[in-house]
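Chemist: Listed below, chain by chain, are the residues.
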Amino acid sequence: MRSMPAVLLIEDDDRIRLSLTLGLEDEGYAVRGAASAEEGLAAQRREPADTVLVDLMLPGVDGFECIRQLRRHDDVPIVVVSARDDTHDIVAALEAGADDYLVKPVAVKELSARLRALRRRARSALSPASALVFGDLEIRPLAGEVTLRGQPVALTRTEFRLLCALAEHPGQVLSRAQLLERVWEYAYGDERLVDVHVGRLRHKIEDDPGAPRYLVTVRGMGYKLQR
Amino acid sequence: MRRPGLRTRVTAGFATGALVLSASMAALSYDLTRRTLTAGRERTAIRAAYQDATVVHAGLGTDRPDIVEVLRSLDTGGTRRAILRRDGDWYARNADSGLTDSVPASLRRMVEQGRPAIQRVRTDSGPALVIGVPLPESTGFYVIDSLQELDRTLRVLALVLTLVAIGTTAAGAGLGWYVTRRALRPLDTVAAAAREITAGDLDARLDPSTEPDLERLATSFNEMVDQLAARLDRDRRFAADVSHELRSPLQTLAAATGVLDRYRSQLDQRAATAVTLLTEEVARFQMLVTDLLELARGDEAPRRTPVDMADLARQVCLTRGLSADLVHAGEGSTVWRVDRRRFTQVLGNLLDNADRHGGGARAVRLGRAADVVFLEVDDDGPGVRPEDRDVIFDRFVRGRPARARGDSDGTGLGLALVHRHVTTHGGRVFVTDRPGGGARFRVELPQDQV
Numbered sequence: 001m002r003s004m005p006a007v008l009l010i011e012d013d014d015r016i017r018l019s020l021t022l023g024l025e026d027e028g029y030a031v032r033g034a035a036s037a038e039e040g041l042a043a044q045r046r047e048p049a050d051t052v053l054v055d056l057m058l059p060g061v062d063g064f065e066c067i068r069q070l071r072r073h074d075d076v077p078i079v080v081v082s083a084r085d086d087t088h089d090i091v092a093a094l095e096a097g098a099d100d101y102l103v104k105p106v107a108v109k110e111l112s113a114r115l116r117a118l119r120r121r122a123r124s125a126l127s128p129a130s131a132l133v134f135g136d137l138e139i140r141p142l143a144g145e146v147t148l149r150g151q152p153v154a155l156t157r158t159e160f161r162l163l164c165a166l167a168e169h170p171g172q173v174l175s176r177a178q179l180l181e182r183v184w185e186y187a188y189g190d191e192r193l194v195d196v197h198v199g200r201l202r203h204k205i206e207d208d209p210g211a212p213r214y215l216v217t218v219r220g221m222g223y224k225l226q227r
Numbered sequence: 001m002r003r004p005g006l007r008t009r010v011t012a013g014f015a016t017g018a019l020v021l022s023a024s025m026a027a028l029s030y031d032l033t034r035r036t037l038t039a040g041r042e043r044t045a046i047r048a049a050y051q052d053a054t055v056v057h058a059g060l061g062t063d064r065p066d067i068v069e070v071l072r073s074l075d076t077g078g079t080r081r082a083i084l085r086r087d088g089d090w091y092a093r094n095a096d097s098g099l100t101d102s103v104p105a106s107l108r109r110m111v112e113q114g115r116p117a118i119q120r121v122r123t124d125s126g127p128a129l130v131i132g133v134p135l136p137e138s139t140g141f142y143v144i145d146s147l148q149e150l151d152r153t154l155r156v157l158a159l160v161l162t163l164v165a166i167g168t169t170a171a172g173a174g175l176g177w178y179v180t181r182r183a184l185r186p187l188d189t190v191a192a193a194a195r196e197i198t199a200g201d202l203d204a205r206l207d208p209s210t211e212p213d214l215e216r217l218a219t220s221f222n223e224m225v226d227q228l229a230a231r232l233d234r235d236r237r238f239a240a241d242v243s244h245e246l247r248s249p250l251q252t253l254a255a256a257t258g259v260l261d262r263y264r265s266q267l268d269q270r271a272a273t274a275v276t277l278l279t280e281e282v283a284r285f286q287m288l289v290t291d292l293l294e295l296a297r298g299d300e301a302p303r304r305t306p307v308d309m310a311d312l313a314r315q316v317c318l319t320r321g322l323s324a325d326l327v328h329a330g331e332g333s334t335v336w337r338v339d340r341r342r343f344t345q346v347l348g349n350l351l352d353n354a355d356r357h358g359g360g361a362r363a364v365r366l367g368r369a370a371d372v373v374f375l376e377v378d379d380d381g382p383g384v385r386p387e388d389r390d391v392i393f394d395r396f397v398r399g400r401p402a403r404a405r406g407d408s409d410g411t412g413l414g415l416a417l418v419h420r421h422v423t424t425h426g427g428r429v430f431v432t433d434r435p436g437g438g439a440r441f442r443v444e445l446p447q448d449q450v
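As you go down the protein sequences, you meet chains A and B in turn. Using our numbering, the first residue of the first sequence is number 1, and each one after it goes up by one. Using our numbering, the first residue of the second sequence is number 1, and each one after it goes up by one.
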């Protein structure tokens, strides 16, 4: 039997932590709880989990800073589960490095579906050996590697899947809805996810993120990756 | 009737003042000038008449004088005409009898009684003075002195004075208009600041130092905005706190009832029923809280992006287990610039409403009319009574069929949210009868905004 995926749950409310732990365990996850960002960061260093769930309003170091510190040396999928539904908070959390954002209350089944989607490897119909080349940018979907002028680029899993989704259709526009469906497996959802992730990706693969050479916006339609 | 504006009233006041002032000045100066000129003219006329009378008197002193010849010898110029009456007969230089009619009978009587007299008369050729001088031997000498020239002068004067009065009145009105504009200009600044604040810029303030006279207004205006901003901020923080405090226990409830639900089959009948009730009520409570919080913050500006409404409608149908074939898109583009999240909710709530109260959705129609884009959701229910058609968009109003059925109905906020979302997009939503029965909910947005 495959070992159960481990989830680190950083949540200061004891009752929420306990109830989510029960629910996620029923869904087949091994859940580790942490009541503060400090505790969670230490736990992740000691014994890395496969995914991290984090609340934004935490005592001491807050959720945004926690995500930033996690991201510093980890490509683990991070999902924010917060009572805050303000656009500013959502965008700030995604920009800090979160992969998805769910507003409380969220059903455990929904949460589990999100976690499954984020943990999936990039799918690719292309031949495994070949690299996809866009100018100085080389993408190897199966190896999970991206290089820019031969130098490896560190991407999170979600960023990598987004890049692959676009790379599979060179020069072709994909709408935000299509990208949400392919990368996050949302039937319909929050398009800010796509926008913020595209922004993060540009900072890593573009020389000038303000005037992108590869990942360009097509006004009113979506995004495309061009050679 | 609406009271005219301050500016109109001040302008009218200035104009009236200028009119009264200039009209009385004009009347006064006209009267004074007329008196002076008339008196002067009369004096001249009398002097000339007496000179003529002296000449005539001398001429008549001879034996058997030729009266007409004597009269002809007078230097009367163009304005004076002399006639003489002796023993009931009239004598004139020319044989124009009309002239004699100009001499009023009363004046003639006075002269015949030996008294000189003067009278203003109106002749065929305009106003004139008739001066009668009694001469010996029952003779009366009359001079008819035309006042036409004086009359013309006075008429020109009156015209000039009237024009000046009109001009002064207009200038007064203009001054009033200008002064009020100058005086009201600082109020325009206040109005502009108020507009900015209405548009959401709570940092807009007035500078009390720019207009010393309006310093108090500016100061109290700024204080008002400060308080308003503070209150709004307090409200926002309160709403955020409420949101957090409500969502947190709901999260525990949602996760815990999820766990309970999973183990329902292992519970006895009574406990299982209780768990079912609990799960359903938690779900409903969750919807209610989410909808209420959404309503509470619903007047935020929409975040517009191009959305293919036909696609979105099909997706929303699919998530509710309905066929995507329900969606009928008319001719032309179905891409609207709207807030995707809110319109997902609009579509979802209209479909849910059709499901709960209208026997299920019959069709979702998208199209363009004169200057609007529209979205219609038809259902198969009993329709909405005319008196209920506005009320159903209020909060906590539920349709009767649902109450009669008694099962878990909606939150009573679904259509209120639809109304709020459509309104913040500058559109409107209303319900009509569907041809062939059932209700038709129609959302219209102005075409130039989508």
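Accuracy of the hints is not assured; some may be wrong.
[Stated by the list, open to error] In silico SDA-like links for lysine to any residue, alpha-carbon gap of 25 angstroms or less: (1) A:109 <-> B:319; (2) A:109 <-> A:152; (3) A:224 <-> B:339; (4) A:109 <-> B:158.
No wet-lab data here; the hints were simulated from the structure.
Chemist: Is it true that the CA of residue 109 of chain A sits at most 25 angstroms from the CA of residue 158 of chain B?
Modeler: 99 angstroms, violated
Chemist: Are residue 109 of chain A and residue 319 of chain B close enough, with their CA atoms no more than 25 angstroms apart?
Modeler: Roughly 16 angstroms separates the two Cα atoms, so the pair holds.
Chemist: Can the restraint linking residue 109 of chain A and residue 152 of chain A be considered satisfied, given a maximum Cα separation of 25 angstroms?
Modeler: 37 angstroms, violated
Chemist: Hint check: residue 224 of chain A vs residue 339 of chain B, CA-CA at most 25 angstroms. Holds or violated?
Modeler: Since the Cα atoms of residue 224 of chain A and residue 339 of chain B sit roughly 23 angstroms apart, the hinted pair holds (cutoff 25 angstroms).
In this structure, the hints that do not hold are numbers 2, 4, in rising order.
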